[in-house]
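Protein chains: 2
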Amino acid sequence: MSLAPIASFDELSVGQRFDFGTLEMTRDEILDFGRRFDPQPFHVDEAAAAEGPFGGLIASGLHTLSAAFATMIRTGVLAKVSLGGAGMEIAWPAPVRPGDVLHVTGVVEELTPSRSKPDRGVAKLRFTAQRVADGAKVLDVLGTVFLKR
Amino acid sequence: MSLAPIASFDELSVGQRFDFGTLEMTRDEILDFGRRFDPQPFHVDEAAAAEGPFGGLIASGLHTLSAAFATMIRTGVLAKVSLGGAGMEIAWPAPVRPGDVLHVTGVVEELTPSRSKPDRGVAKLRFTAQRVADGAKVLDVLGTVFLKR
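Residue numbers (my numbering), protein chains in the order written: chain A, 1 to 149; chain B, 1 to 149.
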């Protein structure tokens, strides 16, 4: 989905919420990401995964993170102000399986104008992904990003 | 590079260090990852990137994270014991540019046997990537992983 791009860090407010829409984690994409970046049996080998700790194939947590982040970026809401990210704190509270549809939302948790660089601010933005089928939270990220003022 | 796989959580010790080898962040891979997961101008558009905040194309932090993680997984050191990850704290202290060669190392920071599940333990493993050319740290991750005992 598409959102109106904000024009400045100063348009944000703490507590502000965003709906970034949904994405589907397909089997092919799970296998492809796993082969490239996380080649553990439960991400890349269906037969081994069935015998493994999750009883089937699951997405790499890095894939869930990247796919949810992409869903946020593609809305365009930060396109005019993003100056990149400094860090993230990530939790993966539940596994993601092929075909899961995830709903990605965000909330502004902290806003700090930069002291050294008056043209920017530091925003702490939490974004989360919940499985639509059962509401389970599968990803929780607190990201620190630099935004233009 | 390849490392001897550990057979149990109990083989690890706090302070233990690992050399996971190096990887190269190529221009094509930076552009490909950016298009899929982080389509911001400074990750996907060379001309726009040259005019942007980093004065040129840089890798998505999620790409640097995923590539460094892949380098660790491909050594095989955790292949017999990995039960997946619970979370990460990530910092990206400096940008990564096309052609950068990164050296990935790790250190065991904390080991906690699970109380509820005697067949596993929780390890906090820090892995970092440094640019070989100048020694700059470009990625710092504290990951929490479940490992078989």
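Check each hint, because a few of them may be wrong.
[Stated by the list, open to error] For lysine-lysine, the following DSS-like pairs were computed, each having C-alpha atoms within a straight-line distance of at most 25 Å:
{"no.": "1", "chain 1": "B", "residue 1": "Lys117", "chain 2": "A", "residue 2": "Lys124"}
{"no.": "2", "chain 1": "A", "residue 1": "Lys137", "chain 2": "A", "residue 2": "Lys117"}
{"no.": "3", "chain 1": "A", "residue 1": "Lys117", "chain 2": "B", "residue 2": "Lys137"}
{"no.": "4", "chain 1": "B", "residue 1": "Lys80", "chain 2": "B", "residue 2": "Lys148"}
{"no.": "5", "chain 1": "B", "residue 1": "Lys137", "chain 2": "A", "residue 2": "Lys137"}
{"no.": "6", "chain 1": "A", "residue 1": "Lys148", "chain 2": "A", "residue 2": "Lys117"}
{"no.": "7", "chain 1": "B", "residue 1": "Lys137", "chain 2": "B", "residue 2": "Lys80"}
{"no.": "8", "chain 1": "A", "residue 1": "Lys124", "chain 2": "A", "residue 2": "Lys137"}
{"no.": "9", "chain 1": "B", "residue 1": "Lys137", "chain 2": "B", "residue 2": "Lys124"}
{"no.": "10", "chain 1": "A", "residue 1": "Lys137", "chain 2": "B", "residue 2": "Lys117"}
{"no.": "11", "chain 1": "B", "residue 1": "Lys117", "chain 2": "B", "residue 2": "Lys137"}
{"no.": "12", "chain 1": "A", "residue 1": "Lys148", "chain 2": "A", "residue 2": "Lys80"}
[To be verified] Calculated Cβ distances over 10 Å to all of chain B for the following chain A residues:
{"no.": "13", "residue": "Gly15"}
{"no.": "14", "residue": "Ala67"}
{"no.": "15", "residue": "Val132"}
Hints are computed from structural coordinates only; laboratory data are not their basis.
Cβ atoms here follow ideal geometry from the backbone N, Cα and C, with glycine treated the same way.
Each hint tested on the structure:
This hinted pair does not check out: Lys117(B) and Lys124(A) have alpha carbons roughly 35 Å apart, beyond 25 Å. Annotation: proposed proximity of Lys137(A) to Lys117(A) is violated, straight-line Cα distance about 36 Å (limit 25 Å). A threshold of 25 Å between alpha carbons decides the hint, and for Lys117(A) with Lys137(B) the separation of about 23 Å falls inside it, so the pair holds. With a CA separation close to 8 Å, the supplied pair Lys80(B) and Lys148(B) stays within the 25 Å bound.
Of the pairs offered as hints, the one joining Lys137(B) and Lys137(A) is violated, with about 32 Å between alpha carbons and a cut-off of 25 Å exceeded. With a CA separation close to 10 Å, the supplied pair Lys148(A) and Lys117(A) stays within the 25 Å bound. With a CA separation close to 29 Å, the supplied pair Lys137(B) and Lys80(B) exceeds the 25 Å bound. A hinted pair counts as satisfied when its Cα atoms are at most 25 Å apart, and Lys124(A) with Lys137(A) qualifies at roughly 20 Å.
Restraint check for Lys137(B) and Lys124(B): the C-alpha separation of about 20 Å stays at or below 25 Å, so the hint holds. Under the criterion of a C-alpha separation no larger than 25 Å, the hint pairing Lys137(A) with Lys117(B) is consistent with the structure, at around 23 Å. Distance hint between Lys117(B) and Lys137(B) is unfulfilled; the C-alpha atoms sit about 36 Å from each other, more than 25 Å. A distance of roughly 8 Å separates the Cα atoms of Lys148(A) and Lys80(A); the hinted pair therefore holds under the 25 Å criterion.
Even its closest Cβ contact with chain B, about 24 Å, leaves Gly15(A) beyond 10 Å, as expected for a residue assigned away from the interface. The beta carbon of Ala67(A) sits about 7 Å from the closest Cβ of chain B, which is not more than 10 Å, so the claim that it is off the interface is violated. With a least beta-carbon separation of about 21 Å from chain B, Val132(A) lies farther than 10 Å from that chain, consistent with its non-interface assignment.
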